[in-house]
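The numbers in numbering that gives the first Met the number 0 rise by one with no breaks, and the one at position 248 of the sequence shown is 247.
Calculated from the structure, these hints are not laboratory results. Incorrect hints may appear among the rest.
Said to hold, decoys possible - FRET-style restraints, in silico, Cβ to Cβ: (1) S55 with A83: 43 to 53 Å; (2) S263 with Y94: 45 to 55 Å; (3) R137 with N305: 51 to 61 Å; (4) F169 with L58: 14 to 24 Å; (5) F169 with N305: 45 to 55 Å; (6) E223 with W292: 25 to 35 Å; (7) V205 with S128: 50 to 60 Å; (8) G108 with N85: 49 to 59 Å; (9) S158 with I116: 20 to 30 Å; (10) S158 with N85: 44 to 54 Å; (11) G294 with G108: 23 to 33 Å; (12) T291 with A83: 52 to 62 Å.
What the hints assert, rightly or not - Quick list of in silico lysine-lysine cross-link-like pairs, BS3-like style, CA-CA up to 27 Å: (13) K107 with K182; (14) K278 with K221; (15) K182 with K221; (16) K182 with K278.
Bear in mind the structure is a predicted one, so any value in this text is a computation, not a measurement. Note that beta-carbon positions come from the ideal geometry of N, C-alpha and C, so glycine has one too.
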Amino acid sequence: MHAMLARGLSSCYEALLSGALLAALVAPCQVTAEEGGSGHYLPGTLSSRINQIPPSKSLNVYMDLSGFDGSTQSELSVPLAGLAVNDLSITTQTYSMNLVWNPGIRLKGGWQYAMAIALPYSSVEVSASQEHNVQGHRLRDRDSGLGDIMIAPLMLAYSLSEYWLTELHFNLYAPTGNFEPGKLANVGKNYWSVSPVAWLQYIEPVTGQEFTVSGGIDWNTKNEDTDYQTGTQMHVDSTLIQYIPLLWGFTGIGLSGYWYQQLSSDSGSGAVSGDFKAKAVGLGPVISYRATWSGRPVRAELKWTNELEVRNRAEGDRLSFKLSAQF
């Protein structure tokens with residue numbers, strides 16, 4: 000049994016490291032990002048056990064607080080809300096209330112059904128330069144308010160074995176956030192995104208290992224106000240954690256990483272920078288905590304992700320904190 004556990008843990012490490020190495024090898028290849036240098040997918044946020052479907056009839060409520068501070072290379076021209084800017088700097092804070100409801104419905108074959116919604120409040124601050132700006136000074140703008148809501152009307156979970164679990168999430172991002180053409184800072188994207196995500200998770204409660212990997216593809220509609228069609232995107236997130244009994248529960252420390260690649264070119268009359276395909280690779284530490292308080296499962300997670308390789312999008316550091324309780 001110990002030999003099987005060792006092989007399983009070794010496989011988890013190999014999977015995480017192989018993904019990071021693959022991303023590092025692919026990154027130097029020539030590519031030519033989404034509109035504004037970012038999309039609905041937030042890098043590194045989809046490989047957390049907090050996001051999973053509750054194991055029984057219940058409601059999982061969690062807060063997701065995240066911040067990003069980054070910039071683009073000064074010579075890179077970025078399409079932003081109908082403008083073409085360079086030397087872009089962006090700071091964002093997002094506070095999201097997330098609800099995942101398992102109504103207790105078990106489908107044929109042993110699959111469990113659930114649904115979810117995420118309500119984000121975002122604050123965005125942007126500064127940039129324009130090549131033909133006659134004033135010669137940097138442009139600055141900020142915006143805050145309700146962002147683009149994420150709805151997951153169909154979520155499915157299935158236990159492959161005692162320790163292995165798989166899930167399928169069908170996420171839909173709605174353009175509910177404010178967007179104004181010609182404005183540097185917008186909390187909304189002004190287009191819809193359909194994002195199916197597949198999960199695989201390994202949990203060994205006795206020795207405390209936890210491994211999660213998720214992969215998804217985002218299809219985006221056109222931003223009609225700027226005639227900009229962001230290309231299809233693919234992303235893989237992975238997290239490996241070791242837990243120990245600590246602080247009236249279990250505290251874990253581990254490593255989390257992601258690989259993001261835009262698969263198809265941007266298009267439309269607003270895509271003045273051509274293909275503008277984006278790519279990013281990130282890696283960083285994660286601290287996790289799980290316990291039972293007043294009979295309710297409680298989880299917390301603190302994650303910092305440093306971007307190692309970025310093309311055609313803002314590069315920086317992302318810090319996130321999640322706190323969940325099951326009812």
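Tested hints:
Between S55 and A83 the beta carbons are some 52 Å apart, a value that agrees with the proposed interval 43 to 53 Å. The given range of 45 to 55 Å is broken by S263 and Y94, whose C-beta atoms sit roughly 32 Å from each other. Between R137 and N305, the C-beta spacing of about 26 Å breaks the proposed range 51 to 61 Å. Checking the proposed 14 to 24 Å range against F169 and L58 shows it holds: the Cβ atoms sit about 19 Å from each other.
Between F169 and N305 the beta carbon distance is about 30 Å. The supplied range of 45 to 55 Å is therefore violated. For the hinted restraint 25 to 35 Å between E223 and W292, the CB-CB distance of approximately 47 Å leaves it violated. For the pair V205 and S128, the supplied restraint of 50 to 60 Å holds, since their beta-carbon distance comes to about 56 Å. Taking 49 to 59 Å as the suggested C-beta distance range, the pair G108 and N85 conforms, at roughly 53 Å.
With their beta carbons about 25 Å apart, S158 and I116 fall inside the hinted range of 20 to 30 Å. Evaluation of the 44 to 54 Å hint for S158 and N85 yields a pass: the beta carbon distance comes to about 50 Å. Our hint of 23 to 33 Å for G294 and G108 holds, since their Cβ atoms are close to 31 Å apart. The hinted range of 52 to 62 Å is satisfied by T291 and A83, whose Cβ atoms lie roughly 53 Å apart.
Using a Cα cut-off of 27 Å, the hinted pair K107 and K182 is violated, with the two alpha carbons roughly 50 Å apart. Restraint check for K278 and K221: satisfied, since their Cα atoms lie roughly 20 Å apart, inside the 27 Å limit. Between K182 and K221 the CA atoms are separated by roughly 18 Å; this keeps the pair inside 27 Å, and the hint holds. Between K182 and K278 the alpha-carbon distance is near 25 Å, which keeps this suggested pair within the 27 Å criterion.
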